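Asker: Below are the chains, spelled out letter by letter.
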Amino acid sequence: MRFFKNVFSQLHTFVLWALMSAIFWGWIFTLVTDAPPAKKITVYCYVPEIRDTELAVLLEEDKPDGIKMIQVHNFEYVLFDMGNIENGDIFILPASQIGEYEELLLSKAAGVKVYDAKTHTGAAASYLGYTDEDYYLFLGAKSVHLEDGAAQAVTDSLLEAP
Amino acid sequence: MTDAPVELYTDADIAGLRRRIKTWTCGLFLFSLLALGVCIALAALTTTGNAQRMELAAIAVSTVSGWIVLYCAIFTVGAARRELGHAGTLREGERQRVEGRVQVTRRWLRIKKSITALAVDVETAEGTKSFWVSRSRAKRLASARPSALWICHGYVAAYEVTK
Chain A
1 MRFFKNVFSQ
11 LHTFVLWALM
21 SAIFWGWIFT
31 LVTDAPPAKK
41 ITVYCYVPEI
51 RDTELAVLLE
61 EDKPDGIKMI
71 QVHNFEYVLF
81 DMGNIENGDI
91 FILPASQIGE
101 YEELLLSKAA
111 GVKVYDAKTH
121 TGAAASYLGY
131 TDEDYYLFLG
141 AKSVHLEDGA
151 AQAVTDSLLE
161 AP
Chain B
1 MTDAPVELYT
11 DADIAGLRRR
21 IKTWTCGLFL
31 FSLLALGVCI
41 ALAALTTTGN
51 AQRMELAAIA
61 VSTVSGWIVL
71 YCAIFTVGAA
81 RRELGHAGTL
91 REGERQRVEG
101 RVQVTRRWLR
111 IKKSITALAV
121 DVETAEGTKS
131 FWVSRSRAKR
141 LASARPSALW
151 ICHGYVAAYE
161 VTK
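For the protein sequence lines, the chains are A and B, in the order given. The opening position of the first sequence corresponds to residue 1 in our numbering, with each subsequent residue numbered one higher. The opening position of the second sequence corresponds to residue 1 in our numbering, with each subsequent residue numbered one higher.
A couple of the hints might just be wrong.
[What the hints assert, rightly or not] No more than 30 Å apart at the CA atoms, straight line, and that leaves these computed lysine-lysine pairs for BS3-like: (1) 108/A with 129/B; (2) 63/A with 108/A; (3) 22/B with 142/A; (4) 129/B with 113/B; (5) 63/A with 112/B; (6) 39/A with 112/B.
[To be verified] From the derived model, a few chain B residues whose C-beta atoms are all more than 12 Å from chain A: (7) 13; (8) 39; (9) 46; (10) 65; (11) 154.
To be clear, the hints were calculated from the coordinates, so they are not data collected in a lab. Here the structure is a predicted model, which is why all the values come from computation and not from measurement. Glycine included, C-beta positions come from ideal geometry on N, C-alpha and C.
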């Protein structure tokens with residue numbers, strides 16, 4: 001009983017500590033799970049459902065030399081910060097959205113079809129929840145991995161993913 | 001005939017309080033280091049696949065260990081520090097002697113940033129007077145059945161027992 005009375009008398013301190021702890025370790029893990037653009041490949045997918053962590057783990061199994069990590073994000077991830085997406089290395093977009101994000105893409109014409117709506121087959125279909133339209137994969141216009149071939153290597157892995 | 005006044009806080013009591021503060025402070029410091037080490041290990045072992053689980057685990061370890069440290073720091077070390085400060089005040093302050101029938105009551109008072117005290121009523125020739133005694137010393141005072149008290153700043157500092 002006295003224990004609970006004591007806790008209640010300092011409840012604000014305990015709540016404040018929990019908040020500080022969550023904010024601090026959230027920040028630390030953001031740093032730990034990130035890397036400079038030169039050391040990572042970022043894949044942005046315009047899909048309603050995505051198993052981003054599992055796909056990233058799969059792609060990391062065969063990551064190119066010099067690459068520390070591969071990140072897979074939904075477009076919703078950058079909804080309020082378009083700054084990050086501009087440096088994306090790989091984009092997977094539905095046909096209807098290609099025009100809207102054209103400036104992010106290296107070449108609109110060089111898109112590789114990754115999902116066929118007619119046959120319902122596509123790359124990494126067990127990780128990406130494609131909708132009922134064709135999807136294309138593009139390299140990013142500002143990707144720093146166009147020269148070293150890392151973006152292409154990850155693209156190849158993505159196309160082979162189940 | 002009464003014995004010489006018996007101090008409520010003896011040298012041994014004060015040494016015990018100092019030892020308790022030191023031991024708990026060291027223990028809590030080591031515990032904090034251990035918790036920090038666990039959190040750092042969790043961060044170091046993080047991979048893309050387990051990042052979310054590791055982050056949650058680190059937050060849980062940090063939060064719960066912090067709560068334990070805070071609780072002990074406030075209610076164990078803090079209480080001992082306040083008690084030590086109170087003992088110092090009683091030992092150094094000016095005292096007055098009050099003689100009469102002494103009764104430790106259940107009325108209590110928690111002084112902010114200080115000790116919790118119980119009221120002590122003394123029935124003197126001029127009437128009943130009330131003083132305070134630290135809750136941690138109340139049992140000792142009551143079982144001694146004192147016939148006179150030495151009061152400092154309204155608190156019982158020492159007592160005398162009739163032979």
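Asker: Regarding the assertion that residue 13/B does not contact chain A, is the least Cβ-Cβ distance greater than 12 Å?
Answerer: holds, 22 Å
Asker: The output says residue 154/B does not contact chain A. Does that hold with a beta carbon cutoff of 12 Å?
Answerer: Consistent with the label, residue 154/B stays out of reach of chain A, its closest Cβ about 24 Å off (over 12 Å).
Asker: Classify the label on residue 65/B as holds or violated, using whether its beta-carbon is more than 12 Å from each beta-carbon of chain A.
Answerer: violated, 9 Å
Asker: Residue 22/B and residue 142/A: Cα distance at most 30 Å?
Answerer: violated, 59 Å
Asker: Keeping to a limit of 30 Å between CA atoms, is the pair of residue 63/A and residue 112/B held or broken?
Answerer: At roughly 61 Å apart (the allowed maximum being 30 Å), residue 112/B and residue 63/A break the hint.
Asker: CA of residue 129/B to CA of residue 113/B, is that 30 Å or under?
Answerer: Given that 30 Å is the threshold and the Cα spacing comes to 25 Å, the pair holds.
Asker: For residue 46/B, is the shortest beta carbon distance to chain A beyond 12 Å?
Answerer: Residue 46/B is in fact no farther than 12 Å from some Cβ atom of chain A, at 5 Å.
Asker: Please settle this one: residue 39/B was flagged as non-interface, so is its CB more than 12 Å from every CB on chain A?
Answerer: At about 7 Å from chain A, residue 39/B fails to clear the 12 Å cut-off, so the statement is violated.
Asker: Holds or violated: are the alpha carbons of residue 108/A and residue 129/B at most 30 Å from each other?
Answerer: violated, 94 Å
Asker: For the pair we were handed, residue 63/A and residue 108/A, check the Cα-Cα distance against 30 Å.
Answerer: holds, 26 Å
Asker: Check the hint pairing residue 39/A with residue 112/B against an upper bound of 30 Å on the C-alpha distance.
Answerer: violated, 56 Å
Checked against the numbered hints above, the structure violates hints 1, 3, 5, 6, 8, 9 and 10; every other hint is satisfied.
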